[in-house]
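All chains, full assembly: derive it from the sequences and hints.
Number of protein chains: 2
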Amino acid sequence: MKPDPQAGAGYPVSGRNQVKRRHDRGFYDHATVHALLDAAMLCHVSYVIDGQPFCTPTFFWREGSRLYWHGSSASRMLRNLAQGEPACLTVTHLDSLVLARSGFNHSADYRSVMAFGKAKLVEDPQEKERALVMMVDRLYPQRTAGLRSASAQEIKATSVIAMDIEQASAKIRARGVVDDDEDYDLPIYAERIPVAMVLGEPEPCPRLKSGVQRPATLAGYAPNRPLQDALKEAYVKSYLKP
Amino acid sequence: MKPDPQAGAGYPVSGRNQVKRRHDRGFYDHATVHALLDAAMLCHVSYVIDGQPFCTPTFFWREGSRLYWHGSSASRMLRNLAQGEPACLTVTHLDSLVLARSGFNHSADYRSVMAFGKAKLVEDPQEKERALVMMVDRLYPQRTAGLRSASAQEIKATSVIAMDIEQASAKIRARGVVDDDEDYDLPIYAERIPVAMVLGEPEPCPRLKSGVQRPATLAGYAPNRPLQDALKEAYVKSYLKP
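From first to last, the protein sequence lines stand for chains Y and A. With our numbering applied, the first sequence has no gaps in its numbers, which climb one by one up to 242 at the end. With our numbering applied, the second sequence has no gaps in its numbers, which climb one by one up to 242 at the end.
Simulated from the structure, these hints should not be mistaken for laboratory data. One or more hints might be untrue.
Which copy is meant is left open, because identical chains are indistinguishable; a pair holds if it fits in one copy or across any two.
As the list claims (entries may be wrong) - When the alpha-carbon atoms are kept at most 20 Å apart in a straight line, the in silico SDA-like pairs for lysine to any residue are as follows:
(1) 120 to 213
(2) 118 to 50
(3) 171 to 70
(4) 128 to 64
(5) 128 to 107
(6) 209 to 178
(7) 171 to 102
(8) 120 to 51
(9) 232 to 22
(10) 232 to 24
(11) 20 to 71
(12) 232 to 94
(13) 232 to 59
(14) 209 to 176
(15) 237 to 216
(16) 156 to 127
(17) 232 to 196
(18) 232 to 197
(19) 209 to 187
Shown next, in the form of structure tokens:
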């Protein structure tokens, strides 16, 4: 077996990204952080304008230690970030609700990542062109090749933002019900309720041309499948081809 | 019929909360904003420390135009916000993935809210005590009454943050596939894939005392039900009692 050059590699830890509350739940290694990012399509990006924080939901994807997201060239966030502004991109997977025997021990199982860096507008035409393809193909492998090509106006109207991850941390709770030792003797009901973002039945566009079939490349987006499983699989097909 | 004092009421609009990109998707009325907040338990809160934005996932709930969230007294976020710092609390519901006939028209259906205000530590003992009850009962109506009571140490270790909403906006896309007129003639597959956060089968704590049954008040948390439906129902039971 060849050694994995990434094995054990991680993001540097400082006050900015150290998990302080429940530090036993904190992880900084690339493998953990990247796996949680690649299982998501939705993130929340924080940035600051004149001292006011904004928290914007958006789509994103990862290439190595670089994160990309996009938006209209006109958006408030992108105008601000184009200069290379500090940002924090956060991804959260909610896995369960935890009902314990005391209010204090009520909790949830979750997996989250906070990534810090400086967000910049992608201005290099080649990097932007490639990003506009991967924005779609990262979710739906090989899809762009079969689409109507992007017009010059569309490319102009879309901005792509890139942020090299300077620091990141993952925080994971996966313990279900945990009560104080003496509370287990109480006649109080406690449970864990799993939750998951699940795919529904695909709804073909009512205006499809006759004979147009769903491509086999979309098979991963199957009804009742957890979205994160489809995303992880698509990520591997997009970036980790043999 | 009595007039509804809230009818037509809304949050004031300025540059801070105006939906600029796709302004046709923006809403500012209390009814729309509050309904999206009450259908969620997870939010992302943005705040600034020394010019660095942080984006933290956490639980929250609403009372009127006041939002509450909580954390350990030791957490970085709470230490900062206790002084009344500007914050932005965002909630996002992802409803579908939209695969169109061009890359540019790939999209998603979603409903999100951004709420702005100044976050402050709740220091009034009565408000804090009530908040610690509602933190649980807002999700699981009447649950606190049957739990082991909170200890003085637990109350001390839990901080509650409150933020009166100064401004807010909702942004909603619910259109499925929308392509450019001329693209409908292309032989390209397009679809909408619904997604939803769904509840799984409850897992009772393996250490339940014999004879302890699941309370009827948890019936709303039923397998395969969308989490947002259980949350909306619980909210009504908690705050809109007849």
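Taking the hints in turn, this is what the structure says about them:
{"no.": "1", "hint": "120 to 213", "result": "neither (39 Å within a copy, 55 Å between copies)"}
{"no.": "2", "hint": "118 to 50", "result": "both (17 Å within a copy, 15 Å between copies)"}
{"no.": "3", "hint": "171 to 70", "result": "between (25 Å within a copy, 17 Å between copies)"}
{"no.": "4", "hint": "128 to 64", "result": "within (16 Å within a copy, 44 Å between copies)"}
{"no.": "5", "hint": "128 to 107", "result": "between (42 Å within a copy, 18 Å between copies)"}
{"no.": "6", "hint": "209 to 178", "result": "between (55 Å within a copy, 15 Å between copies)"}
{"no.": "7", "hint": "171 to 102", "result": "neither (23 Å within a copy, 37 Å between copies)"}
{"no.": "8", "hint": "120 to 51", "result": "both (19 Å within a copy, 17 Å between copies)"}
{"no.": "9", "hint": "232 to 22", "result": "neither (27 Å within a copy, 30 Å between copies)"}
{"no.": "10", "hint": "232 to 24", "result": "neither (26 Å within a copy, 33 Å between copies)"}
{"no.": "11", "hint": "20 to 71", "result": "between (33 Å within a copy, 12 Å between copies)"}
{"no.": "12", "hint": "232 to 94", "result": "both (16 Å within a copy, 18 Å between copies)"}
{"no.": "13", "hint": "232 to 59", "result": "within (15 Å within a copy, 26 Å between copies)"}
{"no.": "14", "hint": "209 to 176", "result": "between (49 Å within a copy, 17 Å between copies)"}
{"no.": "15", "hint": "237 to 216", "result": "within (13 Å within a copy, 46 Å between copies)"}
{"no.": "16", "hint": "156 to 127", "result": "within (14 Å within a copy, 51 Å between copies)"}
{"no.": "17", "hint": "232 to 196", "result": "both (15 Å within a copy, 18 Å between copies)"}
{"no.": "18", "hint": "232 to 197", "result": "both (14 Å within a copy, 18 Å between copies)"}
{"no.": "19", "hint": "209 to 187", "result": "between (62 Å within a copy, 6 Å between copies)"}
Going down the numbered hints, you'll see the structure goes against 1, 7, 9, 10, while the others check out.
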